[in-house]
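Produce the complete structure using the sequences and hints provided.
Protein chains in written order, with the working numbering: chain U, 1 to 179; chain B, 180 to 743.
Any given hint might turn out to be false.
Claimed, not checked - DSSO-like mimics (lysine-lysine), calculated; alpha carbons at most 27 Å apart, straight line:
(1) U:14 / B:200
(2) U:116 / U:65
(3) U:14 / B:346
Everything labelled a hint here was simulated from the structure, so no lab data went into it.
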Amino acid sequence: MSAILPPSDRLWWKQPIDKVEWAWIGIAFVWGMIMFAMMIYWHIYGKQNLSNEAYKTTPELFAAKAEKFIAENTIRTETDQDIPVVKVPAGGDGYLIARLWAWYPILELEEGQTYKIHLSSMDYLHGFSLQPVNINIEVIPGYEHVVKMTPTKKGTYAIVCNEYCGIGHHSMLGRIYVK
Amino acid sequence: MATTYRTCPISGMQFEDQAEKLMRWNAVAGVLWLLVGGVTALLVILTRWPAIKLLPADQFYLILTAHGIDMLILWILFFEMAVLYFASSTLLRCRIATPKIAWLGFWLMVVGGIITNVAIFQGESSVMFTSYVPMQAKPHFYLGIILVAVGALLGTCVFFGTLVVAKKDKTYQGSLPLVTFGALTAAIIATFTILSGAGILIPTFFWSMGWIKEIDAQLYRMVWWGLGHSSQQINVAAHVSVWYLTAAVLFNAKPLSEKVSRFAFLLYILFLQLASAHHLLSDPGMSAEWKVLNTSYFMYFAVMASMIHGFTVPGAIEAAQRRKGFTNGMFEWLRKAPWGNPVFSGMFISLVSFGFLGGISGVVLGTEQINMLMHNTFYVPGHFHTTVVSGTTLAFMSITFLLVPVLFRRELILPKLCQIQPYLYGISMGVLGLVMMGAGTLGVSRRHWDMAFSGAPFQYEWPGAAYLMMGLTGIFGVLAVIGGGLWILLIVGSLLFGKKLDGGKVSDKPTPIPVETQAASAVAHGSDHQPVPGTVVLALLLFVTFVLYYFVNWKYLSEVWLLS
Chain U
1 MSAILPPSDR LWWKQPIDKV EWAWIGIAFV WGMIMFAMMI YWHIYGKQNL SNEAYKTTPE
61 LFAAKAEKFI AENTIRTETD QDIPVVKVPA GGDGYLIARL WAWYPILELE EGQTYKIHLS
121 SMDYLHGFSL QPVNINIEVI PGYEHVVKMT PTKKGTYAIV CNEYCGIGHH SMLGRIYVK
Chain B
180 MATTYRTCPI SGMQFEDQAE KLMRWNAVAG VLWLLVGGVT ALLVILTRWP AIKLLPADQF
240 YLILTAHGID MLILWILFFE MAVLYFASST LLRCRIATPK IAWLGFWLMV VGGIITNVAI
300 FQGESSVMFT SYVPMQAKPH FYLGIILVAV GALLGTCVFF GTLVVAKKDK TYQGSLPLVT
360 FGALTAAIIA TFTILSGAGI LIPTFFWSMG WIKEIDAQLY RMVWWGLGHS SQQINVAAHV
420 SVWYLTAAVL FNAKPLSEKV SRFAFLLYIL FLQLASAHHL LSDPGMSAEW KVLNTSYFMY
480 FAVMASMIHG FTVPGAIEAA QRRKGFTNGM FEWLRKAPWG NPVFSGMFIS LVSFGFLGGI
540 SGVVLGTEQI NMLMHNTFYV PGHFHTTVVS GTTLAFMSIT FLLVPVLFRR ELILPKLCQI
600 QPYLYGISMG VLGLVMMGAG TLGVSRRHWD MAFSGAPFQY EWPGAAYLMM GLTGIFGVLA
660 VIGGGLWILL IVGSLLFGKK LDGGKVSDKP TPIPVETQAA SAVAHGSDHQ PVPGTVVLAL
720 LLFVTFVLYY FVNWKYLSEV WLLS
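If you want it as structure tokens, here you go:
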């Protein structure tokens, strides 16, 4: 009978399934397989895959590496807070610190070059949200995530923090230049 | 324990005294939490509306934390307890197992909910619904949630026990009704979910007391989402059951195939829990293989299950309507459906919203690489307002219009407004979800107080379209709050002032569900097959929309910076 009564046929599992239902199950199954294959296909042929390279670290260790990188590659400072602008060597490693409530330092990249950007947090979770490109990556304390990035267009880009990190969350804005 | 059984004269359903009281108290508690959640919703909306920006930052984050907890945990869980007791004791016409434990569970949930809310409103626990470590709330914030979880687990056990009672007392013959089977699915997922929650929140509580030094932030996210996402899967199983229930009560619809619908529920049990991965796709700590396998619910088997329900629910209604003679063309069955009955209109809007908006956006959002375009943007709350709100909440609201006369024995007040409510709420919430997703596609962040980044060392100007989307979010958000507030007014008003209805015959013994004669089951078997062309057209429309939107997003992804 209806869905609120026990099935009228005690042997309901022996009832044949209608052709239309089979067809829809078939469509749903095949579509699921296509979507599954799409993710694997993109890993092989696609150009936008999030890096798997990550290491356990500590805020102190990561900060030390980042400070060394900044000391060696700073080309100028900007804003009244004298935030260093650091030119990442073409094809080389850049470090970006997320902390309450800033992205540090400012990175300068070149169009068409591939960089290994190391991301980690000093305190809470933060969200790396590159705008207006709209790439979003979670930044977690204790983990150093090495993301290979190739900017495709010149311009000034903003890094918005999009993981809630306390009262100053909305003022946590960073910058990347692509020359 | 001595108890009585009341047979409702309107529906013919039989309510055991203790179970009936439990359902009423749980439903009323749910509605009260919805009220708190609704007030906080209005404050959140009016703050994110760039033209208004009502609250200062600290109050905004406090209110947003309360909104998440009160809606996603408290309103939904209390209502689901009522659904579980209904699907077991009422549908199987038996006494409820261990009512005292059920009451203990209820009061634990009440006390836990209040404790957590006190913690939030004291102001030092604005850690959001997700309470990611290492940001720390006060210990009683976690303690309250743990109590709610223990209470819900007790309720779930009472549900399982009640199934055993029905079997033992032989109040039904053969297999469980489909709706009860769906509720059983929800309860099994709930057990897993609550254990995941205990697995992370108890250590986190210890950590907040200083008894544990550190909790790994990545590990927290993985285990917490075993609670956070899986609890939404309880909602899916519960509201799909409510859809089948509505179809059965209003249309006397029977499932197109018991086997297919039950198999789809079984797929939920097997695969839905993997969805914790949906929240970790842009995280450093998991490998791509892990992400691909888990985010797709092991090759999309749970998506397949939802697509099956999306076909069989309207299909069952169409078949029932056609049997009644609405056979002209493709859609007479749908045109002549009771659109003026809020039980039906709410259920159907919920079905469409969950399928077209929530389902499709969810799968796209949960695609490993595409997730990078949307992770933590306003797209995410946009998505889940079309699943858990215009899907689950609307389904629960619409079934309540049925429960007021049947369970609470009151006539609905202001029937004209009751007719309007599902349209006002469902449509404004659906549009709200869409414009939120629109803003998210343009990059706007979720859980963010100020689009203008006041106090930041630099400036970033969002595209004008993003401000437009946020303005529309404000307008449709307010409309949705009005629709939700109207529902609370109508329901509470009916409980207080609605005309009292006759409760029906009371007896000391349950009347078992009559066993159908052999002749009846012979008729039901195969021979009355009813084609459902209208449902096929609707399903194909869903499929085409799904495929187009899915590939459009791959196109977007191919245009961003190269990443490897």
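**Prompt:** Are the Cα positions of residue 14 of chain U and residue 200 of chain B separated by 27 Å at most?
**Reply:** violated (39 Å)
**Message:** Against the 27 Å threshold, does the CA-CA distance of residue 14 of chain U and residue 346 of chain B hold or violate the hint?
**Reply:** Holds, at about 22 Å.
**Asked** For the pair supplied as a hint, residue 116 of chain U and residue 65 of chain U, is the alpha-carbon distance within the 27 Å limit?
**Response** holds (14 Å)
Hint compliance for this structure: hint 1 alone is broken.
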